[in-house]
Amino acid sequence: MYEFEFTRPASVAEAVAALNAEEAQALGGGQTLIPTLKQRLAMPTTLVSLSGVAEMQGIGLQDDGQLVIGGATTHAEVASGAVGTYPALAALAGQIGDPAVRNRGTLGGSLANNDPAACYPAAALGSGATIVTNTREIPADEYFQGMFTTALEEGEIVVSVKFPVPEAANYQKFVQPASRFAMVGVFAARFADGVRVAVTGASEEGVFRWTDAEAALASSFTPDAISALSVDPDGMIGDIHGTKAYRAHLVNVMTRRAVAAAV
Amino acid sequence: MTKVTMTVNGKAASGEVEGRTLLVSFLRETLGMTGTHVGCDTSQCGACVVHVDGKAVKSCAMLALEAEGAEVATIEGQAAADGTLNTIQAAFQEHHGLQCGFCTPGMVMSAAALLKDNPKPSEAEIRHYLEGNLCRCTGYHNIVKAIMAASGQDVSAIAAE
Amino acid sequence: MPKDIDAKESGIGAASKRREDIRFLSGTGNYTDDINLNGQAYVHFLRSDVAHGRITSIETAEAAAMPGVLRIFTGADFEGVGSIPCGWQVTDRFGEVMQEPAHPVLAQGKVRHVGDPIAAVVAETAEAARDAAEAIELDIEELPAVVDMKAALAEGAPKVHDDLTSNLCYDWGFVEDNKAAVNAAFEAAAHVTSLELVNNRLVANPMEPRVAVGDFNRATGDSTLYTTSQNPHVIRLLMGAFVLGIPEHKLRVVAPDVGGGFGSKIFHYAEEAFCTFAAKALNRAVKWTSSRSEAFMSDAHGRDHVTKIELALDADNNFTALRTDTLANMGAYLSTFAPSVPTWLHGTLMAGNYKTPLIYVNVKAVFTNTVPVDAYRGAGRPEATFQLERVIDKAALELGVDPIALRRQNFITEFPYATPVAVEYDTGDYVATMDKLEEIADIAGFAARRAESERAGKLRGLGVNCYIEACGIAPSNLVGQLGARAGLYESATVRVNATGGIVVMTGSHSHGQGHETSFPQVIASMIGIDENMVEIEHGDTNNAPMGMGTYGSRSLAVGGSAMVRATEKIIAKAKKIAAHLMEAADADIELKDGQFSVAGTDKSVAWGDVTLAAYVPHNYPLEEIEPGLEETAFYDPSNFTYPSGAYACEVEVDPETGKVSIARFAAADDFGNIVNPMIVDGQVHGGIGQGIGQALLEGCVYDENGQLLSASFMDYAMPRADDVPFYEVDHSCQTPCTHNPLGVKGCGEAGAIGSPPAVVNAVVNALRSAGKDVTHIDMPLSPARVWAAMQG
Ligand SMILES: Cc1cc2nc3c(=O)[nH]c(=O)nc-3n(C[C@H](O)[C@H](O)[C@H](O)COP(=O)(O)OP(=O)(O)OC[C@H]3O[C@@H](n4cnc5c(N)ncnc54)[C@H](O)[C@@H]3O)c2cc1C
Ligand code: FES
Ligand code: FES
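Keeping their order, the protein sequence lines are chains P, D and S.
Okay, so the first sequence: first residue is 1 according to our numbering, each after it adds one.
Okay, so the second sequence: first residue is 1 according to our numbering, each after it adds one.
Okay, so the third sequence: first residue is 1 according to our numbering, each after it adds one.
Derived from the structure by calculation, the hints contain no laboratory data.
Incorrect hints may appear among the rest.
Covered by chain D, according to a simulated footprint, are these stretches of chain P (three or more residues, beta-carbon under 8 Å) [said to hold, decoys possible]:
hint : region
1    : 2–8
2    : 34–44
3    : 47–54
4    : 92–104
Lysine-lysine pairs mimicking DSBU-like chemistry, simulated, CA-CA at most 35 Å apart [to be verified]:
hint : chain 1 : residue 1 : chain 2 : residue 2
5    : D       : LYS55     : P       : LYS38
6    : D       : LYS3      : P       : LYS38
7    : P       : LYS38     : D       : LYS11
8    : S       : LYS308    : P       : LYS244
9    : D       : LYS120    : S       : LYS458
Taking CB as the label site, the calculated pair distances span [stated by the list, open to error]:
hint : chain 1 : residue 1 : chain 2 : residue 2 : range
10   : S       : GLY109    : P       : THR36     : 33 to 43 Å
11   : D       : LYS120    : S       : GLY594    : 39 to 49 Å
12   : S       : GLU424    : D       : ALA81     : 50 to 60 Å
13   : P       : THR36     : S       : ALA102    : 31 to 41 Å
14   : S       : ALA76     : P       : GLU22     : 32 to 42 Å
All residues carry an ideal CB built from backbone N, CA and C; glycine is no exception.
Start from the sequences and build out the full structure, keeping to the hints where you can.
So, in structure tokens, the structure goes:
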């Protein structure tokens, strides 16, 4: 690692101020950033830890029924804390990495990083969540902009995320055998006014909505409704773990399984 | 350099660290507590697992300064003061849950965290919980068995010795 | 569960708990990275990021001036220093010796694989060394890389080593004289089954990465190297005599607690030589700790064979001949044992458990722009077993016969048995191990389990195979003829102290195998004293007289035998002392339960009385024997040992995704006599875990430019706890080895050798149950590959 200063502000305002410094970077749980720094792939001069910001912690239900989760809330906290309110989201959080990773890694960090194989982006996009930052609210449909790319500006912090809670939802993760990130992960959610299907791990463009499936499932929320549908292998990731065609195939299988499990 | 202070295995510990000093480096290098190991640089092997405020974390993926004021527990603090192994350690010995011993500190600390949450885990739950702890020696058989035994379950029916 | 050993409480046969566990469980082990010497400096290696290139310039002045930097070394500093030696010289089928390139400590002019060390920065801290390494200005003219072995052998292929005639290290034929007869047998065969397959390249990945700490004492001129090694004496010899020119008495090599090896820590590596060299040059201790990322590109890899195997059968399904053609990857340089792995550790095992009368093995070893390839758990024997057991399964398919019956029909049943590939099996009982396997694996219940899996929408498959291995390597005179440049004996010094406690200094090294527990069991049984009176010291060249180290399942068979021989000398001398104390004839003294008695009388003296007399020789036959009680023995075996067994695997395949899960795994092994059944089980478990890893998960992959794609645990899939089941293991079939004093055969590699074919056989079986015309899938059987195979 290159040397950096470390600060641990107590409020969002202080964190934003600290992030204004040249080459300052936010530190969430560090489960992505610290390994990255070890490889010397990033060179911040200051790391601004968000772990001490109380207002970014915790899980609560809003009056409008949306679940609000602080950006510095760990995966483990969501896995246990959202079981009653949004079980599919809790289950997804419980499948991220391993227990030790879940005890440190945060929702905000995961969404800010937007790894194409990460789990949370599927939940956020599949739920039609709103990403709340220190300056604005960004709908998930505008937030994710391709692999490792989001709508966040320099120094902008994911303070919390608002998740509309669907009538039924489920996340199916088919793991890449080595990293155990998602080779293909599908989050399917049925709302009163429609269905959302978000796919992670598969596409070269990062997380995406499978709109054909959404349309078919809106009329019949059953696995059979999408048996004949497929995504174009062309835009899928092909690597040593699986070809484009395989990932395209898995998108269909995992979507059917998610629908079956969500009913 | 910044001063960091925490409690390690119930004793106050402090030292001067850089911003980039990892918790595992603080333990191994500053405090000379080499029981916690480093087996990878991508935070996947779990040889470095310790508890911070009662939770299992990978000490290779946490800055020492993030542990300011925290209660840290490591493998060195697991046995009684007279050296008597705790239940999990004793079960690892009894059931040959270790060979080279390199993954062992992390395994024991992960097992301790598991049993705190889930005092009678099933075989599948144990295997799943150990996702972040690699062992190259044991094929996991005796590790899983040792953890079942440590939780008071009867392991006599499990294959072989 | 069948308990194969009567519940002995101590000594040979007892499941004694491991004493070393106490330190490992309490965080007080002493691994090499735990060693920090006063004033130690740190080295960071600048490694090549291209697979093949010419260094056109290397500018270090600016980097050398950075804070904390002590000195930067490049290839120029190692001109005149020896090359990293290869310990084995293979003679090819035309009688020529192999091509053997130089292997410099730091690159000289050319880089030949990603990870090849170019420069080394020694600095006050590891981070300062790394900072400076990044500041070195390096120009490399990239050259076309050879990665694929077939392409490497093609006419006009770029050469890894300009001074060699080609990328062919050797073209080995075995047994060359059999070739014509083998070909004739194929002509006459009623049926020929052939199979092309890949034995996937693996990375050993012991959980402890390699570490080296060099130290130098200017006052005495002595060098010390602390290193993560399976065989410190061998490192002392190779590094001292061949690389740095330090005589053994001025060089101490210490391998303290070592966190697993699996072969990858046998070899002498450049980093060890560097730290020893730099410590002297700088008069400071110099430490290197490998990161896992560095390990992927600097630890020797394993396997990487591409093979065509053909089996000839007569009309009654008897095996009549076997012919194989293998390309074996050597990587960019010859690692310590590399040439022996595809030849003498592979060709000699091609008979397997079967009485195939005619065998011909051809191996072409090839240089490529990849990390050197050498022994990994099993070394050559897994490659032999995999191809043989796969081709037999395929033959059974083609002939429509039961694969177990086909094997049984062709088993060797009479021992000793001289194979057509130069080795003689002393003992074995393949029928017994197969019988035992059928019992513990409940083969009879498979059909019902398959039906149940089908109801759950899963395809279930059963795979069975046998294996034979040659362990306890090895007779020195034999390996010498085969090209080994060293002997493969072992030594032990047994030191009895005045009050009767014993310290054994052994040349075997324990890095997980539990010698500290099992070796004392042997001595305790021989003398009849408590195990806890015996301590084992290993890993320090200043202790044991000499040692060839631990690999090839040789510790107990060879190292343990040396210890037995030394203990026999101890007992003989102790009896003389006892005879003197009791005023009896030497020949009348008996030793039992730690008591020396005079036959036919009630006179006796205790072990402790005799040992005390040896060191306090007041009443002692000084004119006949020296005081003291310490003996050394060297043991050189007269043959390999031949553990064997039969393995069964049941898998469930998800037909939609291709994901394979191991539902059951059973292993029936014959290891001869067993000293500690608990440790033996553990060795088998670990081997099976690695074998399942090879079969389903692990694959080291380079792209066509020689870039390592599986360069971390993010892309190299290690087996995890939920990838494997509990294993059913049994070693109650015991045909003791006839030529070592313990009758032991070795158990360290069996699991890794025996398990991959069982897994692949099972998956093929599962897919065929769904009507898929699949006869083979190359490892690792990842979901993607299995799914692709199902698509036809
Ligand atoms: C072994 C292992 C396995 C894993 N497996 C999975 C998996 O299966 N699925 C999965 O989805 N992930 C997985 N992860 C990644 C893990 O979920 C990370 O925790 C997560 O991706 C990043 O969150 P973090 O809080 O650790 O962020 P950090 O690593 O601290 O930061 C990541 C990035 O986000 C920025 N950042 C952090 N917090 C904020 C914020 N609140 N606002 C704005 N920017 C911020 C940082 O500056 C940095 O650029 C795994 C990680 C490891 C080590
Ligand atoms: S050292 Fe491997 S996870 Fe921490
Ligand atoms: S005991 Fe060696 S890695 Fe687990």
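How the hints compare with the structure:
Residue count for the region 2–8 of chain P with a Cβ under 8 Å from a Cβ of chain D: 6. That meets the three needed, and the coverage hint holds. Counting residues of the region 34–44 of chain P whose beta-carbon sits less than 8 Å from any beta-carbon of chain D gives 5, enough to reach three: the coverage restraint holds. Counting residues of the region 47–54 of chain P whose beta-carbon sits less than 8 Å from any beta-carbon of chain D gives 3, enough to reach three: the coverage restraint holds. Beta-carbon proximity to chain D at under 8 Å applies to 7 residues in the region 92–104 of chain P; the threshold of 3 is reached and the given coverage holds.
Proximity of LYS55 (chain D) to LYS38 (chain P) is assessed by CA-CA distance (about 23 Å); at most 35 Å being required, the pair is judged to hold. A C-alpha spacing of about 22 Å is found between LYS3 (chain D) and LYS38 (chain P), which places the hinted pair at or below 35 Å, so the restraint holds. A C-alpha spacing of about 29 Å is found between LYS38 (chain P) and LYS11 (chain D), which places the hinted pair at or below 35 Å, so the restraint holds. Proposed proximity of LYS308 (chain S) and LYS244 (chain P) is supported: the alpha carbons are some 30 Å apart, at most 35 Å.
The hinted pair formed by LYS120 (chain D) and LYS458 (chain S) meets the criterion: a straight-line CA distance of about 29 Å does not exceed 35 Å. Separation of GLY109 (chain S) from THR36 (chain P) is about 35 Å and conforms to the stated range, judged on CB atoms against 33 to 43 Å. Checked against the hint of 39 to 49 Å, the C-beta distance between LYS120 (chain D) and GLY594 (chain S) comes to roughly 45 Å, which is consistent with it. Between GLU424 (chain S) and ALA81 (chain D) the CB atoms are about 58 Å apart, so this pair conforms to the stated range of 50 to 60 Å.
Separation of THR36 (chain P) from ALA102 (chain S) is about 38 Å and conforms to the stated range, judged on CB atoms against 31 to 41 Å. Under the hint 32 to 42 Å, the C-beta atoms of ALA76 (chain S) and GLU22 (chain P), about 40 Å apart, fit the expected range.
The earlier numbered hints are all upheld by this structure, with none contradicted.
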